[in-house]
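From first to last, the protein sequence lines are chains L and H. Quick note on numbering: my numbering labels position 254 of the first sequence as 254, and the sequence is numbered without any gaps. Quick note on numbering: my numbering labels position 163 of the second sequence as 448, and the sequence is numbered without any gaps.
It is worth saying that the hints were derived from the structure and are not from the lab. A hint or two may mislead.
To be verified - In silico lysine to aspartate or glutamate, EDC-like type, Cα no more than 16 angstroms apart, as pairs:
no.: 1; chain 1: H; residue 1: K316; chain 2: H; residue 2: E518
no.: 2; chain 1: L; residue 1: K55; chain 2: L; residue 2: E246
no.: 3; chain 1: H; residue 1: K290; chain 2: L; residue 2: E89
no.: 4; chain 1: H; residue 1: K389; chain 2: H; residue 2: E378
no.: 5; chain 1: H; residue 1: K293; chain 2: L; residue 2: E89
no.: 6; chain 1: L; residue 1: K55; chain 2: L; residue 2: E43
Claimed, not checked - If you anchor each label on the Cβ, the simulated ranges turn out as follows:
no.: 7; chain 1: H; residue 1: K451; chain 2: L; residue 2: Q174; range: 46 to 52 angstroms
no.: 8; chain 1: H; residue 1: G319; chain 2: L; residue 2: G269; range: 42 to 48 angstroms
no.: 9; chain 1: H; residue 1: K316; chain 2: L; residue 2: E7; range: 54 to 60 angstroms
no.: 10; chain 1: L; residue 1: E7; chain 2: H; residue 2: G532; range: 53 to 59 angstroms
Stated by the list, open to error - With the Cβ distance kept under 8 angstroms, some of the chain L side facing chain H (calculated, not the full set):
no.: 11; residue: T22
no.: 12; residue: F48
no.: 13; residue: S50
no.: 14; residue: I85
no.: 15; residue: V114
no.: 16; residue: L183
no.: 17; residue: Y185
no.: 18; residue: P188
no.: 19; residue: V261
no.: 20; residue: L273
Each residue gets a CB set at the ideal place from its N, CA and C atoms; glycine is no exception.
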Amino acid sequence: MKRDYAEIFFNSLARLVTYSITAVIAYIIFDIVRNGIGVISWEFLSGFPSNGGAKGGILPAIVGTVYLSLGAIIVALPLGVASAIYLTEYGKQGKFNEMIRLAIVTLAGVPSIVFGLFGLGLFVLFFDFGSSILAGSLTLALMILPTIIVTSEEALRAVPRSYREGSLALGATQWTTIRTNVLPYALPGMLTGSILGIGRAAGETAPILLTVAAFFLPRLPDSVFDQVMALPYHLYILATQHPEIELVRPMQYGTALVLLVIVLAFNLGAIVLRSRFQRKIKSQH
Amino acid sequence: MWKEKAIKFGLMSSASVSVISVALIFLFLFKEGGDFLSSPGIGSLFDTRWTPVSFVNERFGLYPLIAGSLLVTFLATAIAIPFGVLGAVYIAEIAKPREREILKPFIEILAGIPSVVIGFFGLIILAPFVKNVFGLYSGLNALSGALLLALMAIPTIITISEDAIKSCPKSYRQASLAMGASRLQTLWRVVMPASLSGIIAAIALGMGRVIGETMVVLMITGNAPQITASPLESVRTMTATIAAEMGEVAFGSEHYQALFIVGIVLLLFTFALNIFSRLFYRRYGNRS
Numbered sequence: 001m002k003r004d005y006a007e008i009f010f011n012s013l014a015r016l017v018t019y020s021i022t023a024v025i026a027y028i029i030f031d032i033v034r035n036g037i038g039v040i041s042w043e044f045l046s047g048f049p050s051n052g053g054a055k056g057g058i059l060p061a062i063v064g065t066v067y068l069s070l071g072a073i074i075v076a077l078p079l080g081v082a083s084a085i086y087l088t089e090y091g092k093q094g095k096f097n098e099m100i101r102l103a104i105v106t107l108a109g110v111p112s113i114v115f116g117l118f119g120l121g122l123f124v125l126f127f128d129f130g131s132s133i134l135a136g137s138l139t140l141a142l143m144i145l146p147t148i149i150v151t152s153e154e155a156l157r158a159v160p161r162s163y164r165e166g167s168l169a170l171g172a173t174q175w176t177t178i179r180t181n182v183l184p185y186a187l188p189g190m191l192t193g194s195i196l197g198i199g200r201a202a203g204e205t206a207p208i209l210l211t212v213a214a215f216f217l218p219r220l221p222d223s224v225f226d227q228v229m230a231l232p233y234h235l236y237i238l239a240t241q242h243p244e245i246e247l248v249r250p251m252q253y254g255t256a257l258v259l260l261v262i263v264l265a266f267n268l269g270a271i272v273l274r275s276r277f278q279r280k281i282k283s284q285h
Numbered sequence: 286m287w288k289e290k291a292i293k294f295g296l297m298s299s300a301s302v303s304v305i306s307v308a309l310i311f312l313f314l315f316k317e318g319g320d321f322l323s324s325p326g327i328g329s330l331f332d333t334r335w336t337p338v339s340f341v342n343e344r345f346g347l348y349p350l351i352a353g354s355l356l357v358t359f360l361a362t363a364i365a366i367p368f369g370v371l372g373a374v375y376i377a378e379i380a381k382p383r384e385r386e387i388l389k390p391f392i393e394i395l396a397g398i399p400s401v402v403i404g405f406f407g408l409i410i411l412a413p414f415v416k417n418v419f420g421l422y423s424g425l426n427a428l429s430g431a432l433l434l435a436l437m438a439i440p441t442i443i444t445i446s447e448d449a450i451k452s453c454p455k456s457y458r459q460a461s462l463a464m465g466a467s468r469l470q471t472l473w474r475v476v477m478p479a480s481l482s483g484i485i486a487a488i489a490l491g492m493g494r495v496i497g498e499t500m501v502v503l504m505i506t507g508n509a510p511q512i513t514a515s516p517l518e519s520v521r522t523m524t525a526t527i528a529a530e531m532g533e534v535a536f537g538s539e540h541y542q543a544l545f546i547v548g549i550v551l552l553l554f555t556f557a558l559n560i561f562s563r564l565f566y567r568r569y570g571n572r573s
């Protein structure tokens with residue numbers, strides 16, 4: 001029975017590899033929580049930074065990140081959901097559809113820094129929005145658009161065909177059918193996509209580097225044409241550009257922890273929602 | 286009826302935003318950077334030195350940046366492939382259902398950790414570690430960057446490869462097992478070859494993610510623009526160059542235009558990897 005040993009060996013190796021990956025993830029999260037938790041206080045979360053970020057809080061960065069991700073989702077969600085509806089419900093296999101699909105795949109593969117260059121060229125300079133929340137949100141919106149389209153499409157496809165046929169057979173128009181018999185069932189799945197999108201927008205640094213982020217701006221924005229600080233950029237500045245990098249280490253860990261908690265909370269929410277949705281769809285069949 | 290048509294038209298317009306965006310991205314990169322190609326000319330890109338800020342001789346050679354990106358990308362991919370593929374095999378074939386339901390989301394979490402946080406972790410924990418292990422002056426080098434990028438590519442490779450392995454028809458396995466092959470033989474000689482195109486698609490997609498990643502390499506590869514094949518040397522990637530220098534250039538200057546050219550080259554690399562991945566993905570999609 002020599003072969004069994006080979007299998008046992010291989011299985012153990014694969015198990016070791018898989019668990020070492022999870023161990024690294026766990027260690028990263030553990031390290032940031034352990035060193036960041038002591039920094040978190042009400043003053044840190046609700047105060048304004050001073051001394052170039054060495055002292056004080058990170059409120060403007062939190063607010064900036066919230067504005068940017070909300071702005072991105074407000075633009076990307078309707079566009080993404082409408083695209084997905086068109087692709088699954090209206091678009092038959094054709095040249096135009098194929099082109100849209102290719103565009104989505106291409107868009108999903110565009111490096112985030114290239115989105116930054118694009119946002120700089122189109123929104124900041126050509127439309128003359130300047131370095132602003134508006135320019136940054138629009139750039140982020142295009143970046144998360146593919147995620148939202150793909151997850152919304154999955155949600156729409158998961159709705160059984162019979163739901164549509166029943167409505168159409170009763171004489172309802174196609175849009176009425178979609179509105180009353182398809183969308184309500186696809187909604188949780190679409191929500192998953194948008195939550196994932198918000199999480200991604202909140203964590204990205206490179207696109208906002210060139211379109212919105214302020215180095216140090218200890219006040220809250222007045223309009224969408226203002227620059228803002230943002231958590232990822234603030235962390236980058238504190239960790240690499242600050243004159244006293246060792247001294248501000250606690251602030252770095254605190255910022256990293258807040259960013260990590262925000263992004264992971266969104267991702268976890270999306271994962272939980274998705275598994276619930278999948279269970280619900282299964283039970284309806 | 287006009288209402289139906291209007292709605293359809295509205296949806297179609299929304300769907301074409303993706304197409305328009307892709308076109309605009311190419312258009313605006315060329316609009317901002319295109320002048321560079323006529324003056325100082327496309328020839329100056331084929332140079333071995335990137336010294337955009339110099340009083341004597343400004344040089345915009347892309348070779349060191351491309352070399353930096355390729356070195357980091359190949360290293361990262363070489364590290365990520367065994368981990369990603371074995372991880373996918375484990376989750377798809379070996380893990381118990383319960384175990385799988387915990388492992389999968391956990392690895393997806395890794396995909397969700399912001400790159401700047403991973404870079405920060407690398408700066409504080411990994412770089413000193415690499416420095417000590419190899420007895421270097423600094424741990425900010427291609428290897429440190431590649432290790433972190435591998436970590437970021439692994440979830441992509443695992444998720445898509447696992448899909449590919451799972452979609453291998455049951456009948457293939459049953460046939461192999463019925464012929465008296467062991468489970469391990471079935472896995473290596475039947476399931477894996479059948480899933481290969483999906484796995485290659487996964488790796489290409491992971492590579493695309495790695496070559497386009499900015500913050501991690503900016504923070505941890507040391508950023509010296511030089512042509513080297515040594516993982517222990519500092520390198521500067523295309524992405525890091527754009528991120529680091531765009532903040533300091535005068536709009537419209539040659540340097541500014543050159544950075545957009547770097548963006549175009551980078552976009553072409555990722556575009557090629559994407560198309561490559563899609564071709565393979567299709568093949569595995571068609572089979573099942």
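Right, here's what the structure says about each hint:
no.: 1; hint: H:K316 x H:E518; verdict: violated, 35 angstroms
no.: 2; hint: L:K55 x L:E246; verdict: holds, 13 angstroms
no.: 3; hint: H:K290 x L:E89; verdict: holds, 14 angstroms
no.: 4; hint: H:K389 x H:E378; verdict: holds, 13 angstroms
no.: 5; hint: H:K293 x L:E89; verdict: holds, 10 angstroms
no.: 6; hint: L:K55 x L:E43; verdict: holds, 10 angstroms
no.: 7; hint: H:K451 x L:Q174: 46 to 52 angstroms; verdict: violated, 34 angstroms
no.: 8; hint: H:G319 x L:G269: 42 to 48 angstroms; verdict: holds, 43 angstroms
no.: 9; hint: H:K316 x L:E7: 54 to 60 angstroms; verdict: holds, 59 angstroms
no.: 10; hint: L:E7 x H:G532: 53 to 59 angstroms; verdict: holds, 55 angstroms
no.: 11; hint: T22; verdict: holds, 6 angstroms
no.: 12; hint: F48; verdict: violated, 22 angstroms
no.: 13; hint: S50; verdict: violated, 22 angstroms
no.: 14; hint: I85; verdict: holds, 5 angstroms
no.: 15; hint: V114; verdict: holds, 5 angstroms
no.: 16; hint: L183; verdict: violated, 12 angstroms
no.: 17; hint: Y185; verdict: violated, 18 angstroms
no.: 18; hint: P188; verdict: violated, 17 angstroms
no.: 19; hint: V261; verdict: violated, 11 angstroms
no.: 20; hint: L273; verdict: violated, 12 angstroms
The structure does not agree with the numbered hints 1, 7, 12, 13, 16, 17, 18, 19 and 20 stated previously, though it agrees with the rest.
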